[in-house]
Amino acid sequence: MTVTVRISDDALALACGADEVAAAFAKAGCTVERVSSWGMHWLEPLAEIDGEGFGPLTVDDVPAVLTGTSPLGIGPIADHPFIARQQRFTFARAGKTRPLNLGDYAASGGWAGLRKAHDIGAEATIAEVTASGLRGRGGAGFPAGIKWITVAKAKAAQKYVVCNADEGDSATFADRMVMEGDPFMLIEGMAIAAYAVGATRGYVYIRSEYPHAIAKMEAAVRACAHIIAPFVLEVRTGAGAYVCGEETSLLNSLEGKRGEVRAKPPLPALEGLFGKPTVVNNVLTLAAVPWILAHGGTAYAAVGFGRSKGTMPIQLAGNVKHGGLFEVGFGITLGELVNAVGGGTASGRPVRAVQVGGPLGAYHPPSDFHLPFDYESFAAADGLIGHAGLTVFDDTADMSAQARFAMAFCAAESCGKCTPCRIGSTRGVELIDRIRARAPRTADAVERLPQTHNARKGARTLAEEITLLEDLCETMKFGSLCALGGFTPYPVLSALRHWPEDFGADFGTVASADAAE
Amino acid sequence: MERFAEIIAAHAGREGALLPILHDVQAAFGHVPEEAERAIAAALNLSRAEVHGVVSFYHDFHAEADARPVLKLCRAEACQARGVEALAAALPEQNRVKVETVYCLGLCSVGPNAMVGDKVHARLDGAKLAALVESLA
Numbered sequence: 001m002t003v004t005v006r007i008s009d010d011a012l013a014l015a016c017g018a019d020e021v022a023a024a025f026a027k028a029g030c031t032v033e034r035v036s037s038w039g040m041h042w043l044e045p046l047a048e049i050d051g052e053g054f055g056p057l058t059v060d061d062v063p064a065v066l067t068g069t070s071p072l073g074i075g076p077i078a079d080h081p082f083i084a085r086q087q088r089f090t091f092a093r094a095g096k097t098r099p100l101n102l103g104d105y106a107a108s109g110g111w112a113g114l115r116k117a118h119d120i121g122a123e124a125t126i127a128e129v130t131a132s133g134l135r136g137r138g139g140a141g142f143p144a145g146i147k148w149i150t151v152a153k154a155k156a157a158q159k160y161v162v163c164n165a166d167e168g169d170s171a172t173f174a175d176r177m178v179m180e181g182d183p184f185m186l187i188e189g190m191a192i193a194a195y196a197v198g199a200t201r202g203y204v205y206i207r208s209e210y211p212h213a214i215a216k217m218e219a220a221v222r223a224c225a226h227i228i229a230p231f232v233l234e235v236r237t238g239a240g241a242y243v244c245g246e247e248t249s250l251l252n253s254l255e256g257k258r259g260e261v262r263a264k265p266p267l268p269a270l271e272g273l274f275g276k277p278t279v280v281n282n283v284l285t286l287a288a289v290p291w292i293l294a295h296g297g298t299a300y301a302a303v304g305f306g307r308s309k310g311t312m313p314i315q316l317a318g319n320v321k322h323g324g325l326f327e328v329g330f331g332i333t334l335g336e337l338v339n340a341v342g343g344g345t346a347s348g349r350p351v352r353a354v355q356v357g358g359p360l361g362a363y364h365p366p367s368d369f370h371l372p373f374d375y376e377s378f379a380a381a382d383g384l385i386g387h388a389g390l391t392v393f394d395d396t397a398d399m400s401a402q403a404r405f406a407m408a409f410c411a412a413e414s415c416g417k418c419t420p421c422r423i424g425s426t427r428g429v430e431l432i433d434r435i436r437a438r439a440p441r442t443a444d445a446v447e448r449l450p451q452t453h454n455a456r457k458g459a460r461t462l463a464e465e466i467t468l469l470e471d472l473c474e475t476m477k478f479g480s481l482c483a484l485g486g487f488t489p490y491p492v493l494s495a496l497r498h499w500p501e502d503f504g505a506d507f508g509t510v511a512s513a514d515a516a517e
Numbered sequence: 001m002e003r004f005a006e007i008i009a010a011h012a013g014r015e016g017a018l019l020p021i022l023h024d025v026q027a028a029f030g031h032v033p034e035e036a037e038r039a040i041a042a043a044l045n046l047s048r049a050e051v052h053g054v055v056s057f058y059h060d061f062h063a064e065a066d067a068r069p070v071l072k073l074c075r076a077e078a079c080q081a082r083g084v085e086a087l088a089a090a091l092p093e094q095n096r097v098k099v100e101t102v103y104c105l106g107l108c109s110v111g112p113n114a115m116v117g118d119k120v121h122a123r124l125d126g127a128k129l130a131a132l133v134e135s136l137a
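Line by line, the protein sequences are chains D and C.
Heads up: the first sequence at position 338 corresponds to 338 in the working numbering, and the numbers run straight through without jumps.
Heads up: the second sequence at position 27 corresponds to 27 in the working numbering, and the numbers run straight through without jumps.
If you are wondering where the hints come from, they were derived from the structure by calculation, not from laboratory data.
Don't take each hint at face value.
[Stated by the list, open to error] Derived coverage of chain C by chain D (criterion: at least 3 residues anywhere in the stretch with Cβ under 8 Å from a Cβ of chain D; other residues may be distant): (1) 9–23; (2) 56–70; (3) 75–88; (4) 96–108; (5) 121–134.
[As the list claims (entries may be wrong)] Here are some, though not all, of the chain D residues that point toward chain C, as calculated from beta-carbon distances under 7 Å: (6) H41; (7) S170; (8) A171.
Glycine included, every Cβ here is placed at the ideal spot set by N, Cα and C.
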């Protein structure tokens, strides 16, 4: 009787050395099964033997695990507090099935959603999705059912379903984990969407930084082509442009063009890929659909908070002790996520800031830890949940440097179509550099000429530079075509508002507090 | 030239074939040469300017060949929070390996991270990163 060891072949596990550990178990005579990741990333590579977990393992730990003397045992994985307190709908199979095994997928409830859709018909399928209250998980939070109805009602000879798998936000990896861990679920979700709206072709647009996800998805599409027929699905690879995660620039990229943003309207639902009606949904949106069909929209809507229905696969990242994938109903507070679930910082130092929603999300101080995790609560606190990635920073973080990075990132990734984003981001970097250097702008050579009477001759004050930064953010927020330029002000302004001391002490709240003393 | 024609022919009839073609050209030659742009433009009924516009838009396509091995180091927020900037600053000066900045490899809970080819590396510290660079040189 050989021992069966289950180890993930997810890219993150591989990066932590899972292949080497798996080979060591195989060499010791064990049967090794490569499964998806449980999402407890601080424990990767995590080995499972008869339900018991051991991690994080190195090759040297393998003999002790097999003789039962390893101190790295965590007990039954399913009972681990990190797993036990989750509500896993989308990630129900995480850690349990072999990603590319059709038998494992069918045996764990796979294809039940697609069968149900075929049984109840296209219209009722959309009705289930609408009833579930599922909102776009890419960040915008637009109701999926409404988007599908729009495409279903559009008259066209050809319609498309496009999966946005251009997961470029830092702190997000849930899309990658779905594609590498449960690719058939995503394909099933796309097949359901295609059936519901009357589309016959679909594309999964995956960023090129995810070679493992691309390989798994391509293999999965080949393996189940007969099941999803007549729907034809193809995997396409991005080319390193962050902005292609924006749906209209993604469509341009799929068409073989520069990934420039399109003005809306027309909505992609009416004039999308090649001008045809197109459903564009995020990986997590489409991956939630099989569960919704199999269990009913009302069951999904029973979980959640306010207008945010169902569960959200939240990604704990950055300087956090227990990082990983935590799927739970909306409404859990930010503080619970960071402290109770995440265990605080990995460095052991106090938390200074948590960026929620990726590079375009706001930085939140610990005083925001009471916020319930849902779209509306974060919007009300001048933030956003985006794709639900949390980046934890300890007290060594320099928040004006983070604000500068937000502008620099926008400058590096701007598609160049609209001026506030293309030029505003570069001016933003220069402005924050001056603020950080305490070197406000002085009059230039032309301004100093005697004949330019109305030009200011003196240097700006720091407070004026800050006001200018706020004005610039205002222009970018309301003048940009898409979320890249439009949301870059979130990290910048939140850093400025909550940590004014990092931008120089002689302005705003810090200055007035000093004066009061 | 025949190689360009082969690559283009392999994607004949595909919807939006330009990016898949450019990926193959980049993989085969390490860059997208001007002659390739001309051949692709002719085959897809585009102007060379349109093809060049696409090549220059995407970070993955390069106009010039660079024979050095490439290490992609993630310097996005999550890796910053885990100290990648200090690692990058302490990396010894060298010119044999091209150290490229990438924004996010999706391994954000175990950074700092890097990728060489398709192989990913997590939990890097100064010594591990330096050793990784050294192993490529």
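Against the structure, the hints:
1. Remark: the stretch 9–23 of chain C is confirmed as covered by chain D, as 8 of its residues place a Cβ nearer than 8 Å to a Cβ of that chain, reaching the required three.
2. With 5 residues carrying a beta carbon less than 8 Å from a beta carbon of chain D, the stretch 56–70 of chain C meets the three-residue requirement, and the given coverage holds.
3. Only residues whose C-beta sits within less than 8 Å of a C-beta in chain D count toward coverage, and the stretch 75–88 of chain C has 7 of them, enough to reach three; the restraint holds.
4. Only residues whose beta carbon comes within less than 8 Å of a beta carbon in chain D count, and the stretch 96–108 of chain C has 7; three or more means the coverage holds.
5. With a cut-off of 8 Å between beta carbons, the stretch 121–134 of chain C has 3 residues touching chain D; three or more are needed, and the interface restraint holds.
6. This hint holds: D:H41 has a C-beta 4 Å from the nearest C-beta of chain C, less than the 7 Å allowed.
7. Taken as an interface hint, D:S170 checks out: its beta carbon lies about 3 Å from the nearest beta carbon of chain C, inside 7 Å.
8. For D:A171, the interface hint holds, since its Cβ comes within 7 Å of a Cβ in chain C; the closest pair sits about 5 Å apart.
Taken one by one, the earlier hints all hold for this structure without exception.
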